[in-house]
Amino acid sequence: MSNWLKPGLGIASAGTVILVGEDGGYHMRAGLAAYRRALAACFAAAGLVALAACGPGSSATTPDGVSPGGAASNSVTYAMLPGGYASYPFPFFAGNYIGDDSTFDVNDFQYQLYRPLYWFGTGTTPYLNPAVSLAELPVYSGHKVTIRLKQNYKWSNGEPVEASNVVFFMNMMKAEGKNWVFYSPTGLPTDVTNVKAASKFVVTMDITTPKFSESWFTNNMLSEITPMPTAWDETGPGKPSHCSTVVADCIAVYNYLNSQAIKSPTTFATSPIWSIVDGPWKIQSLDSQGKLVLTYNTSYGGPVSPHHITTFTELPFTSEQAEYNVLQDPTSNETIDVGYLPTVDAPVPPAGQLVGANPSSMSNYKLSVLYVWQLVYFPYNFNNNTGQGPIFKQLYFRQAFQDLVDQEGVIDGPMHGYGKPEFGPVGTYPVTSYLSPQLASRGDPWTLNIPRTQTILKAHGWLMGPNGIDTCHRPGTAPGDCGAGIPLGTPLKFTLEYATGTDWMESSVREIASNASLAGMQITLHPEPFTDVVNSAFGVNGEGWQMAFWGRWTFAPDYLPTGDTLFQSGAPNNAGQYSDSHNDQLITATLDARAPSLFQSDMYIWQNYLAGQLPVVYQPDPPNLIETIRGLNIGPQNSALDITPEMWFYGQ
Amino acid sequence: MTAYLTRRILQAIGVLLLVTLIVFGLLTLAPGGAAVDVLGTGSAHKQFLLEYLSWLGRVVHGDLGYSRVRNESVTYLLAASLPRTVALMGISTLLALVVAIPLGLVQATQRGRMVDHLVGGLTYVFYGMPTFVLGALLVLFFAVRKHIFGAEGPQAPGILGVVTDVRDLTLPVLTLALVTIATFARYTRSAALDSLGQEYIEAARARGAGMRRMVGAHVLRNSLVPVVTLVGLSFPQIVGGAVVVESLFNIQGMGWQIWQAVLNRDFPVTLGFTLVIGVAAVVGSLLADLGYAALDPRVRYAQA
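Protein sequence lines correspond, in order, to chains D and V.
Per our numbering, residue 1 is the first one in the first sequence, and the count goes up by one each step.
Per our numbering, residue 1001 is the first one in the second sequence, and the count goes up by one each step.
Just so you know, these hints were derived from the structure itself, not from any lab.
If you anchor each label on the Cβ, the simulated ranges turn out as follows:
#	chain 1	residue 1	chain 2	residue 2	range
1	V	L1029	D	S581	39 to 49 Å
2	D	D412	V	A1136	22 to 32 Å
3	D	A248	V	L1018	44 to 54 Å
4	D	T524	V	T1075	38 to 48 Å
5	V	T1075	D	G651	45 to 55 Å
Computed footprint of chain V on chain D, listed as stretches where at least three residues anywhere in the stretch have a Cβ under 8 Å from a Cβ of chain V:
#	segment
6	262-276
7	286-292
8	309-319
9	322-332
Since the model is a prediction, treat every value here as computed from it, not as a measurement.
For each residue, glycine too, the CB sits at the ideal point set by N, CA and C.
Sequences and hints are given; from them, build the entire structure.
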């Protein structure tokens, strides 16, 4: 169902919308595409990197955790990615309200106030984290799933986080599916029935799908739920309603809550609605510039560091360079404690090391890398109506084209040595059990090889013309022919739309175009704003584009990369309309595999097959480069970008 | 003068209405439901002129629409960014005028001498230097290495906090001013040289008038005419902001906001801000015309 679409940057977070990374890529999460189709609009996203920083005062924090000013050791200032700002606190949201800043509105804002039912992010992996989740692991019995909420979580108004809070959210999903960004006709809430509070802390629901994988349901369905407090179940101040028990009442409740969420963000801190939280943080202030100050919620019932910080400030930035300038200036009015290093300024890591040495101006920070749980690629438009669709459908062509991509060159060049090649439908980094061991051990078989491209094309009836462009000389479907639907004389001429603003993306597409020209193809590059590229790929009239590179896809809040989101025939986020019946069968087998062990083996079988089919053009995966001020311990940052600043502390 | 002033103001009002009509036309033509975003549902069924008048009425009352991307009214975003930009651009323009006019006059009076070549060379350097390069160099030296000024612009939400934060305001103002000084100084020098070549200057000189008196009493006033033109033309920039400098110094001003709005297809913000910048252009032009009239009586008489 859904994940986030993001521009190709360095880091990104999870959630279902679009983000940009530090090195400028755009991410996209699932769920959005359907919304985009409906509204014919998309959003831009910005690559994220790790971010943050803290501490009022004008001095950096010393290694022992005491800032020179002596007052900053209980606070952290965190740098948001360029263009990021918190603007929508309601965790039940339509895509248009979070637009291009899902990381900022969801991971960095909403999740700090209202924790989702299940938390994803364990160590650096995107795995479910039971310790931080509001509920025990779900128990499946037949088609019934039972969710037992932990009793140590309370809302800040003193009420417990209870079963009816989950039902409240589920009922809202049923009543306001059109305003739920992750709504899918085959997902929640339509694939469950009889959702009820079996007791004060136990929720049960019946799954209507005849066959289902427990792993998939937990990681890609239940992952979308965020309990909402009973105090929100009202249609106005002092006008209680019954959305928790009567679905029909939810429409008026939604309208009221949404009306409060679209008020000026500067009012959020004093809102009687948004001040009721179950997460570790409450809004202290949110100013007109987007500076967000969160203060620790003393009634938070989840795990926290014994010496946790009490103030968490998120700073907006207009550009990576602006953030980098502040990082380098320890006397700045706003010292950053956790920020990001633009890739263009990143030190090349020495052989065998993950990171390079910070420049001298950054000696007060330690640099680390974070690989986001994502897939970096751009699709072919198999549904294209200008003659290229039949070419894209030829497996030999896709193999020949992938040979033109120099992933290692991009990693060594514009990515400054940071990055990992992608070569299958499941992200290669961070290392997870989701990646087929066979693919992991095989590595990238599609390294740059222009002669092989030439050989493949020649072997399939393409000959170079006097203008240097190959044309089809052997139309037909026999072995060695060009393939079905490709007339005699068809040239290998393509257009590639790509989102501007990300150095490595621009370098990559230029190199592909250059390499293609050597192999007899002409690729015309169309640099466009991110939103335009996404609109092409996911818009209503999607037949005209040929290849579109917006950035990347982040697997969240559907954390299992099962293929039903991106590669199954007819999937709303299958931008290029790739269709392969065997692939569909393998995906279905995965989703139907009830037992987790069977699910995993089926998933390996699926990705081993699809990796060889090259349904998209794989691109290298850039990490986020995180700068953390010395003395601050933030632990390993998880690839789902779900930050837990309540676990951060000064000292070793 | 009164008749001239009245006529120019009336003309400006006419141009302003034309600006609003163009902006509204763009709004209705924009794809992706922009008109509905700004005008509300049902707008497509109304007559263009009626809808225009309705929209104009809302604009006059300060309602420029709502940004679903930013989750804020356009008026709010405008209120948050306009003072910041006007402070930044206004101070830099004033600084440029204060420095450039004397520099240009000195260059003119010292034509061909070392000081003329020196100042001329510097103005060429700054005039030709991209602001992102100049800004980055200033940050590197004054903020990162010497810690004399802040690496980012003022972050205080209120205008008072912005203008009083000298440490953080200096580098963005300096980045803008150095380029503007170069431009203004070149124009001032050129105009002053023209004035110095006039017969009345020769006559004054023959009567024994000193250079200081000639420049103060005659050359300066005539040299200001092209500068007034430049300042008038700068109004849209003063209001519209400088995207590069705002982006480099972390200032959420008009330029940065409109740039983000364009990237995100945020039509209400794009058009609302465009309208304000258009108004600034008209007002700037009007003020420049009034400035001509004040500086040169022949303008008033010719227009009367």
